[in-house]
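Enquirer: Sequence:
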Amino acid sequence: MSESEYKIADGSGKFLQAAKDGRRMKDAQWSKGRILLSNKRIVLAGSEGKRNLPLSEVQGLSGRHDVNQTVAKVGNYVSIRMTNESVMLVSLGDNTETFESKLYGALLDQTELQVKHPAVEGGVVTDEQFERARIKVDESELSVAMSNGSFVSVELDDVGSAEAASLEVNGDTKPVLKVEHTVNRDTSVQTYFATDSHTASILESLLTKEAEKSQGSVELSETEKRVLMALYSGVSSFEIPDFLGMDVDEVESIFERLIEVDVLEEVRKRREVTMKTRGRNIASEAINEE
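Here the sequence shown stands for residues 1 to 290, numbered as in our numbering.
One thing to keep in mind: the hints can contain errors.
For lysine-lysine, the following DSSO-like pairs were computed, each having C-alpha atoms within a straight-line distance of at most 30 Å [what the hints assert, rightly or not]: (1) K174 <-> K136; (2) K209 <-> K102; (3) K50 <-> K73; (4) K32 <-> K7; (5) K209 <-> K20; (6) K40 <-> K7; (7) K14 <-> K209; (8) K102 <-> K73; (9) K50 <-> K40; (10) K174 <-> K40; (11) K7 <-> K20; (12) K178 <-> K102; (13) K209 <-> K32; (14) K7 <-> K102; (15) K7 <-> K136.
Quick list of the computed label-pair ranges, beta carbon to beta carbon [said to hold, decoys possible]: (16) E128 <-> D94: 38 to 44 Å; (17) D249 <-> S197: 49 to 55 Å; (18) Q69 <-> S2: 39 to 45 Å; (19) K50 <-> T126: 47 to 53 Å; (20) G245 <-> N84: 57 to 63 Å; (21) Q110 <-> E250: 45 to 51 Å; (22) G46 <-> A72: 18 to 24 Å; (23) S233 <-> D10: 47 to 53 Å; (24) D94 <-> G160: 24 to 30 Å; (25) D66 <-> G234: 41 to 47 Å; (26) E85 <-> G234: 40 to 46 Å; (27) E57 <-> D10: 17 to 23 Å.
Hints listed in this document are in silico derivations from the structure and should not be mistaken for laboratory results. Where a beta carbon is used, it is the ideal one built from N, C-alpha and C, also for glycine.
Construct the entire structure; sequences and hints are all you get.
Expert: What follows is the structure, encoded as structure tokens:
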């Protein structure tokens, strides 16, 4: 390695080429060996030699490429799309997801781009402007450090959609990724990420993968949909009964149902308490000790 190159991950696993120049390799077989990730490349070293995949030529990470039964039997692997239309599959067993997260980090960490946050809040377009920012990826969130000193956290399991577009940004037309997520647990927003086409493709791969996890079909009643729409528009969960003219117990029941089907997340329970004698004595003693 050169002085500017450093190791990020290193482990044993298996790999194969699933596509070459856009053509599926139906007879591909797994090769066992060492898989090394640096800040510049992926090294796949096996009994038949060593292969280097420059990170600058990684177009994105995509879904499954089960080109044959041998591949289909492997439960977890990373599909790496290269700019030459080749696809490499890499599996490190139980460590595959960690490797994938580190690979996204190697591809995206400290990338400078322009971010508009929030571009849309509660369904309403804002007058925020694009600002310079840097991003960082870990297993649970995309962290965005804005040039104005503010900080935006996009929780990966909270991404609802990631839509690619071309928009005018400070006088230039650029690839823009429109990302829908929430802030403060219950306010839906869209954050716009403007960057070069290569970075936009990588970021889209990451966020689209996360968004697809939350798009499973759930049958909801019209009343349940009304509650969700109110929450989506920024109405506090505590204000839902008055806002929709519903009974508090009915709303609580709907919340419980939506939590069960993984549509809502419980943040805290409301609980009214009163102090018993032992509590008053402990509190009194604590005050006297101050």
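Enquirer: If a hint holds in the structure, say so; if it does not, say that too.
Expert: Here is how each hint holds up against the structure:
1. A threshold of 30 Å between alpha carbons decides the hint, and for K174 with K136 the separation of about 21 Å falls inside it, so the pair holds.
2. Distance check on the hinted pair: K209 and K102 sit about 15 Å apart at the alpha-carbon level, within 30 Å; holds.
3. Restraint check for K50 and K73: the C-alpha separation of about 25 Å stays at or below 30 Å, so the hint holds.
4. Simply put, K32 and K7 have alpha-carbon atoms about 20 Å apart, close enough for the 30 Å limit, and the pair holds.
5. In summary, the hint linking K209 to K20 is supported, as the alpha carbons are separated by about 23 Å, within the 30 Å threshold.
6. Between K40 and K7, the direct Cα distance comes to roughly 9 Å. Compliance with the 30 Å bound is thereby established for this hinted pair.
7. Of the supplied pair hints, the one linking K14 and K209 holds, its CA atoms being roughly 22 Å apart against a limit of 30 Å.
8. Restraint check for K102 and K73: the C-alpha separation of about 24 Å stays at or below 30 Å, so the hint holds.
9. Proximity of K50 to K40 is assessed by CA-CA distance (about 16 Å); at most 30 Å being required, the pair is judged to hold.
10. Of the supplied pair hints, the one linking K174 and K40 holds, its CA atoms being roughly 25 Å apart against a limit of 30 Å.
11. Restraint check for K7 and K20: satisfied, since their Cα atoms lie roughly 27 Å apart, inside the 30 Å limit.
12. About 23 Å separates the Cα atoms of K178 and K102, which keeps this hinted pair within 30 Å; it holds.
13. Among the hinted pairs, K209 with K32 is consistent with the structure: their alpha-carbon atoms are about 27 Å apart, no more than 30 Å.
14. A hinted pair counts as satisfied when its Cα atoms are at most 30 Å apart, and K7 with K102 qualifies at roughly 11 Å.
15. For the hint pairing K7 with K136, the CA-to-CA distance comes to about 17 Å; that is within 30 Å, so the pair holds.
16. At roughly 42 Å, the beta-carbon separation of E128 and D94 lies within the given 38 to 44 Å, and the hint holds.
17. Between D249 and S197 the beta carbon distance is about 53 Å. The supplied range of 49 to 55 Å therefore holds.
18. Look at Q69 against S2: about 41 Å separates their beta carbons, and that is inside 39 to 45 Å.
19. As the Cβ distance of K50 to T126 is approximately 50 Å, the hint placing it in 47 to 53 Å holds.
20. A C-beta distance of roughly 60 Å is found between G245 and N84, which places it inside the suggested range of 57 to 63 Å.
21. Taken as a hint, the range 45 to 51 Å holds for the pair Q110 and E250, whose Cβ atoms sit roughly 49 Å apart.
22. Taking the beta carbon of each, G46 and A72 are about 21 Å apart, inside 18 to 24 Å as hinted.
23. Checked against the given bound of 47 to 53 Å, the beta carbons of S233 and D10, roughly 48 Å apart, stay inside it.
24. Distance hint for D94 and G160: a CB-CB separation of about 29 Å, consistent with the stated range 24 to 30 Å.
25. At about 42 Å, the beta-carbon gap between D66 and G234 stays in the expected band of 41 to 47 Å.
26. Between E85 and G234 the beta carbons are some 44 Å apart, a value that agrees with the proposed interval 40 to 46 Å.
27. Against the hinted window of 17 to 23 Å, the Cβ-Cβ separation of E57 and D10 comes to about 21 Å, which satisfies the hint.
The structure agrees with every numbered hint stated previously.
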